[in-house]
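Undergrad: Spelled out from the first residue to the last, the chains are:
2 protein chains.
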Amino acid sequence: MKIVLAQQNYHIGNFESNTQKILSAIADAKKQGADLIVFSELSVCGYPPRDFLEFTDFIDKCKDALDEIKLHTSEIGVLVGCPTVNPTKEGKDLFNSAYLLYNGAILDVVHKTLLPTYDVFDEYRYFEPCHQWHVMQFKGKKLAVTICEDIWNLGDNPLYRICPMDELMKYQPDVMINLSASPFDYTHDDDRKAIIKANVLKYKLPMFYCNAVGSQTEIVFDGGSLVFDREANLILEGKYFEEDMLCAELTNDNSFLETISLSFDKLPSEMLDPSEFNANLNTEKMYKALVLGIRDYFSKMGFTKAIVGSSGGIDSAVTIAIACDALGAENVFALMMPSQFSSTHSVDDAVQLSNNLGHLYEVIAIKPIFDVFLQQLKPLYQELPFNVAEENIQARSRGNLLMAVANKFNYVLLNTTNKSECATGYGTLYGDMAGGISVLGDVYKTQVYALAHCINRAHEIIPQHIIDKAPSAELKPDQKDSDSLPDYTILDAILYQYIELRKGPKEIIGKGYDVNLVNRILKLVNTSEYKRNQFCPIIRVSPKAFGVGRRVPIVGKYLS
Amino acid sequence: MKIVLAQQNYHIGNFESNTQKILSAIADAKKQGADLIVFSELSVCGYPPRDFLEFTDFIDKCKDALDEIKLHTSEIGVLVGCPTVNPTKEGKDLFNSAYLLYNGAILDVVHKTLLPTYDVFDEYRYFEPCHQWHVMQFKGKKLAVTICEDIWNLGDNPLYRICPMDELMKYQPDVMINLSASPFDYTHDDDRKAIIKANVLKYKLPMFYCNAVGSQTEIVFDGGSLVFDREANLILEGKYFEEDMLCAELTNDNSFLETISLSFDKLPSEMLDPSEFNANLNTEKMYKALVLGIRDYFSKMGFTKAIVGSSGGIDSAVTIAIACDALGAENVFALMMPSQFSSTHSVDDAVQLSNNLGHLYEVIAIKPIFDVFLQQLKPLYQELPFNVAEENIQARSRGNLLMAVANKFNYVLLNTTNKSECATGYGTLYGDMAGGISVLGDVYKTQVYALAHCINRAHEIIPQHIIDKAPSAELKPDQKDSDSLPDYTILDAILYQYIELRKGPKEIIGKGYDVNLVNRILKLVNTSEYKRNQFCPIIRVSPKAFGVGRRVPIVGKYLS
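The listed protein sequences derive, respectively, from chains A and B.
According to the working numbering, the first sequence is numbered sequentially starting from 1.
According to the working numbering, the second sequence is numbered sequentially starting from 1.
Quick caveat, the hints were computed from the structure, so don't treat them as lab data.
Watch out, some of these pointers could steer you wrong.
Copies of the same chain are indistinguishable here, so a pair counts whether it falls within one copy or spans any two.
Claimed, not checked - Listed below are the simulated SDA-like cross-link pairs for lysine to any residue, each with C-alpha atoms no more than 25 angstroms apart in a straight line: (1) Lys367 <-> Gln382; (2) Lys506 <-> Thr19; (3) Lys557 <-> Glu242; (4) Lys367 <-> Ala389; (5) Lys367 <-> Asn407; (6) Lys61 <-> Thr446; (7) Lys61 <-> Leu23; (8) Lys544 <-> Val120; (9) Lys89 <-> Trp133; (10) Lys89 <-> Ala194; (11) Lys142 <-> Gly425; (12) Lys61 <-> Lys142; (13) Lys408 <-> Ala365; (14) Lys61 <-> Arg550; (15) Lys21 <-> Leu384; (16) Lys367 <-> Lys408; (17) Lys92 <-> Asp119; (18) Lys544 <-> Asp51; (19) Lys378 <-> Asp108; (20) Lys408 <-> Gln132; (21) Lys506 <-> Lys544; (22) Lys378 <-> Pro368; (23) Lys63 <-> Thr527.
Please put together the full structure from these sequences, using the hints given.
TA: Here it is as C-alpha cells:
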C-alpha cells in the first residue's frame with residue numbers, strides 16, 4: 001500500500017483555498033499511484049478554528065468541503081480532518097474527526113479521544129472525546145487512525161486516563177496513522193520525534209505521522225511529518241517550515257517500508273546527535289519560525305508591506321532583518337524617530353542597517369511633537385518634574401507617527417518588543433508596545449543577540465556597533481536599560497524559571513539568586529499583566545509564550 | 001441544623017485578605033450559633049485563579065490558607081472551596097474541591113465533577129473531574145455537596161454525560177449544598193434560579209446555594225445566594241452585587257426551613273413575574289454590575305482615581321456617570337479635547353454633565369498637536385488627500401493626552417467604547433480604544449441609551465441634548481456615525497444575532513435583514529478581530545462578551 005502524507009499550510013475558514021490545496025495534493029498522489037493520502041488535523045477548515053466552531057454555519061461549510069473532496073476520491077483513499085456533529089444528546093456538540101473517503105463515499109470516520117486543553121489549546125471547549133474505538137479497514141489493511149494528542153499519552157505523567165492506541169491494539173491493526181497539528185517551539189521537535197518513536201517501540205507497528213505547517217496568527221506549525229518503520233527506524237522526514245509531500249510503500253507483511261521519491265528531502269544518512277542539534281540549530285529554527293510567522297501573518301491577512309520603528313538598537317535591527325527575509329526588502333519601511341535624548345549614533349546605526357538590507361527608510365524628529373504636547377499640558381503639568389509621563393509621551397508620539405504612516409500607505413506595523421521587556425512591563429502601551437504582530441515577544445533579550453549572530457553569520461547585516469552598545473530606550477538623558485533592569489543574563493535566567501518552568505519564588509531563590517531581585521522581578525511580571533493583555537499577538541517559539549497560551553488574572557494579588 | 005451561607009467578595013491570590021474575610025464570617029456565624037457555614041467555590045484563592053493554578057507555590061499557599069482556617073473551626077463546620085493536588089498519576093494535576101473542616105481537622109472533601117470549559121470558563125485546563133461520589137456525614141445529616149456546574153446538567157441539551165446529583169442520590173442525602181462562582185449576565189439570574197429550582201423539584205431535597213460576589217477583572221459575580229425548601233419554595237435570597245450572609249435552620253425531618261434573621265434582606269412576599277422582571281430590571285442590574293465592575297477593578301488594583309475623555313457624546317457621558325457612582329465624583333476627572341471639527345456644543349454639553357455630577361474637568365485643544373504631526377509627516381504625506389489616517393492621528397493624540405495626564409497624576413483611563421463600535425471596529429487602536437478597563441464594551445449603543453435613561457430617572461444628570469443629538473466621532477467635517485454605520489437599532493439587532501446567538505448569515509438574512517447589510521456587518525466584525533485582540537478587559541454583562549469568553553482566530557478568512 002502506497003501512502004502519501006500531505007503536509008500543507010491552511011488558512012483558517014478559507015474553505016475555498018483549503019479545498020483547492022487538498023484536491024491538488026490528491027491529484028498529485030493519484031499520479032504517483034498512491035493508494036491512500038493523509039492530511040493533517042482539521043485540514044478542511046484549518047487548525048485551530050477556535051470559536052468559529054460554535055457557528056452552525058461554519059460546521060456546514062466544513063461538511064460542504066468534505067462533500068466536495070469526496071467527489072475526487074475515485075481509486076484513492078483520502079484521510080482528511082473535519083469536525084463532526086455529535087449525534088447523541090449528551091456531551092459537547094462536536095467531535096474532532098478523521099474521515100476516510102474513497103470512491104465518492106465516506107468509508108469510515110474516527111474521533112479524537114484526547115483533547116488538549118492547556119497552553120494554547122482549548123479542545124475540550126468544543127469537542128466531546130471519543131468513547132469507543134475501532135480500526136479502519138482499507139484495501140486489506142487495518143489502519144489504527146488517531147488524531148494528534150491521541151498518541152501523546154505515554155510516559156510518566158499522563159494527562160489522561162485513557163490511551164487510545166491501547167484500545168485500538170485490541171483489533172490488531174497493521175499500521176498507525178496520525179493526523180496532527182502540532183506546533184513548533186524550540187523544545188518541541190525533539191519531544192515529538194521521541195513520543196512518536198516511543199509509540200512505534202511500544203506497539204511494534206509502522207507509523208505515518210502527518211503534521212500541519214504554516215503560521216496561524218501566533219502559533220507556528222512547523223511540519224516535519226514522519227514515517228517510521230515498525231523497527232522504529234526513521235524512514236522519511238518532511239521539510240520544516242515548508243509544505244511537503246512524503247510517500248512510502250507499506251509492504252504486505254508491514255515489516256518494511258520502501259520509500260518512494262516524491263518531493264521530499266533526503267534524510268541525512270545519520271541523524272545528528274540530539275544535544276548537538278539543539279545547541280547548533282535552535283536559533284536557526286527559531287529564526288525560520290519567525291520568518292514564517294511574519295510571512296503567513298501578512299499573506300493570510302492580505303497585506304504585503306511592513307513598517308518598523310528603527311531605533312538603532314538590537315531589537316529593531318533583528319526585527320527588520322527578519323522582516324526583509326520574510327517579505328522582501330522592497331516591502332519593508334523603517335522609520336527613525338530620534339528624540340532630543342537620542343545619541344548621535346542611533347540614526348547612523350539605523351541608516352547603516354537599512355543600507356545593508358537595501359530597504360527604504362525615513363527620519364522624523366519627535367522633538368517638535370513632544371514640545372507641543374508639553375505646551376498643551378502646561379496648565380495641568382505646571383512645574384512638576386520630568387518623570388515617566390514625559391517618557392511615555394515620546395514613546396506614544398512615535399507610536400502615533402508609525403501608525404500614521406502605516407494607515408496612509410497600507411503598512412502593517414511590526415512590533416519590536418522582546419520577551420524580557422514584555423515580561424517586566426518595560427515598555428509603553430500604545431507606544432513601543434504598538435503593532436499588528438510581535439516578532440520578538442517570545443524571544444528573550446539574550447536570545448535576540450543569538451538571532452543577531454545567526455543573521456550576521458555569512459556577513460555583517462546588523463552593524464557590529466548595534467550589537468555591542470548598551471541597550472537604551474533613550475527617553476531621558478543618558479538612560480540605559482540597566483538603570484531599571486538587572487543584567488539581561490540574570491533577568492532572563494530568572495524569567496525563564498518563572499515563565500517557562502513555572503517555578504515559585506522559593507524554588508528560584510533556592511537556585512542561588514538574590515531574594516530581593518527575584519521578588520522584584522516576579523512582582524514586575526505580575527503587575528504588568530494589564531499591559532500584556534493589550535499587547536498584539538506574539539509569534540510563539542518557546543514552550544510558554546505570553547498571549548493565548550498563558551492566562552493569568554489581571555486583577556490579582558499573587559506575588560505582586 | 002443551622003446553616004449560614006457566606007456570600008463574599010474575594011481578591012484572587014490575596015490569601016491574607018481572603019482568609020481574614022473567611023475567618024470573620026466564621027466568627028459571626030459562631031455568634032449566631034450556626035452548625036455549619038458555607039463559602040463559595042475556590043474561596044481561599046478567589047475565582048477564577050486561571051494559570052496561577054499552574055504554580056506549585058500558589059497551590060501551597062491555598063493549603064496554608066486552609067490550614068489557617070482549620071484552626072478556627074471549633075464547634076462549627078466550615079465548607080470552603082480550595083484546589084486539591086490529584087494524588088493519582090493519571091489525569092490533570094488538580095481537583096476543584098470543597099473541604100469540610102470541623103474542630104481543627106479536615107473531616108471530608110469532595111471534588112467537582114462537571115468542569116465548565118466554554119465562554120469565560122477554562123476549568124478542564126486545570127482540573128481532573130471527580131470520578132467517584134459520596135455524601136458528607138455531618139452532625140447526623142447526609143450532605144450532598146456539589147460545586148457550581150455540578151447541578152447544571154439538567155434539561156434538553158446537557159453538556160456532560162454524567163449527572164453528579166444522580167450519583168449522590170444513591171446515598172440518600174438529607175440536603176443539597178452547592179458552592180458556586182456563577183457570574184452575572186443580564187439573562188443569567190433567571191436561568192440560575194430556574195436550574196436550582198429544577199434540582200429541588202427533581203431530587204425533592206432542600207438546597208443551600210452559596211454564590212460568590214464581586215468583580216474579577218471582566219467577570220462580575222453577582223451573589224444572589226439562595227435557599228429553597230424541599231417543596232421548592234424560595235426561603236431566602238441573598239443580596240445582589242453586595243456581600244451578604246444568609247442563615248436558615250434545617251429541621252430534623254428536612255421538610256421545613258425556619259429562616260433566621262441575620263443580615264439578609266427580606267424576600268418580597270410575591271416573586272415578580274419573570275418576564276416583567278426582565279423588562280423592568282435588567283438595565284438596573286446591568287448598571288449595578290458596571291458600577292461593581294469599576295469599583296472592584298480599582299480597589300483590587302490599588303487605584304482610586306479615574307480619568308475619562310469627555311466628548312459631549314452619550315458613551316462618555318454614561319461612562320462618567322457610572323464612574324462617579326462607583327468611585328465618587330471627587331475621584332473622577334474628565335478631559336475634553338475638542339478638535340477643529342468638534343461642534344460648538346460638544347464642550348458645552350460635556351461641561352454641563354461635569355457640573356451636574358460635580359467632578360473636575362479640563363479642556364485641552366488638540367489642533368496644535370494635530371498640526372505639528374501633519375508638519376512632521378509632510379515629507380511623507382506630501383499632498384495626499386485627508387483620509388482615515390488623519391482621523392486616527394487626532395484620536396491617538398487624544399489617547400496620548402489622556403495617558404499623559406493619567407501617568408502624571410495616577411489616574412486610570414476608563415475606556416468609553418460601546419459594544420456596537422467594538423463589534424464593527426469603529427474606533428482607533430491606541431486612540432479612543434485606549435484604557436485600563438472598558439465600561440461599555442459589552443453594552444450595545446441602543447443599551448447605552450437605556451442606561452442613560454436609567455441614570456436620569458430621578459433627575460437630569462446627563463443633559464438631554466447629549467441624549468438627543470446624532471452620534472459623531474467628530475474627526476472630520478460634519479461627520480456622523482450614520483455615514484459609516486447603519487442605524488444602531490438595525491446594527492445592534494444584527495450584531496445580537498451574530499454575537500450572542502451565533503447565527504450565521506443565512507439565518508440572519510432569513511429574519512428579513514438586507515443581504516448586503518448583513519454580509520457587510522459580519523465582515524466588519526470578523527475583520528476587526530485584530531483590534532479587539534488589543535482592547536482592554538470589558539466588564540461582562542451579556543451572555544457573550546468580547547474578550548476571554550469569545551475566542552476567534554485573528555488570521556482567518558471566515559465571513560471576511
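Undergrad: Next, verify each hint and record whether it holds.
TA: Hint check:
1. Lys367 <-> Gln382: Intra 19 angstroms, inter 20 angstroms, cutoff 25 angstroms: intra and inter.
2. Lys506 <-> Thr19: between (53 angstroms within a copy, 22 angstroms between copies)
3. Lys557 <-> Glu242: between (44 angstroms within a copy, 21 angstroms between copies)
4. Lys367 <-> Ala389: both (15 angstroms within a copy, 21 angstroms between copies)
5. Lys367 <-> Asn407: For Lys367 and Asn407, the Cα distance is within 25 angstroms both inside one copy (22 angstroms) and across copies (20 angstroms).
6. Lys61 <-> Thr446: Close neither inside one copy (46 angstroms) nor across copies (33 angstroms); limit 25 angstroms.
7. Lys61 <-> Leu23: For Lys61 and Leu23, the Cα distance is within 25 angstroms only inside one copy (16 angstroms; across copies 55 angstroms).
8. Lys544 <-> Val120: both (9 angstroms within a copy, 21 angstroms between copies)
9. Lys89 <-> Trp133: both (19 angstroms within a copy, 24 angstroms between copies)
10. Lys89 <-> Ala194: between (39 angstroms within a copy, 21 angstroms between copies)
11. Lys142 <-> Gly425: neither (54 angstroms within a copy, 51 angstroms between copies)
12. Lys61 <-> Lys142: Classified as neither: same-chain Cα gap 30 angstroms, cross-chain 51 angstroms, threshold 25 angstroms.
13. Lys408 <-> Ala365: both (19 angstroms within a copy, 24 angstroms between copies)
14. Lys61 <-> Arg550: So Lys61 and Arg550 pass the 25 angstroms test across copies only (21 angstroms; inside, 31 angstroms).
15. Lys21 <-> Leu384: For Lys21 and Leu384, the Cα distance exceeds 25 angstroms both inside one copy (62 angstroms) and across copies (41 angstroms).
16. Lys367 <-> Lys408: Close inside one copy (22 angstroms) and across copies (20 angstroms); limit 25 angstroms.
17. Lys92 <-> Asp119: For Lys92 and Asp119, the Cα distance is within 25 angstroms both inside one copy (21 angstroms) and across copies (13 angstroms).
18. Lys544 <-> Asp51: both (22 angstroms within a copy, 12 angstroms between copies)
19. Lys378 <-> Asp108: neither (73 angstroms within a copy, 64 angstroms between copies)
20. Lys408 <-> Gln132: neither (57 angstroms within a copy, 62 angstroms between copies)
21. Lys506 <-> Lys544: For Lys506 and Lys544, the Cα distance is within 25 angstroms only inside one copy (21 angstroms; across copies 40 angstroms).
22. Lys378 <-> Pro368: The answer is both: 15 angstroms in one copy and 13 angstroms across copies each meet 25 angstroms.
23. Lys63 <-> Thr527: Only across copies: Lys63 and Thr527 sit 24 angstroms apart there, 46 angstroms inside one copy, limit 25 angstroms.
Hints 6, 11, 12, 15, 19, 20 from the earlier list are contradicted by this structure; the remaining hints agree with it.
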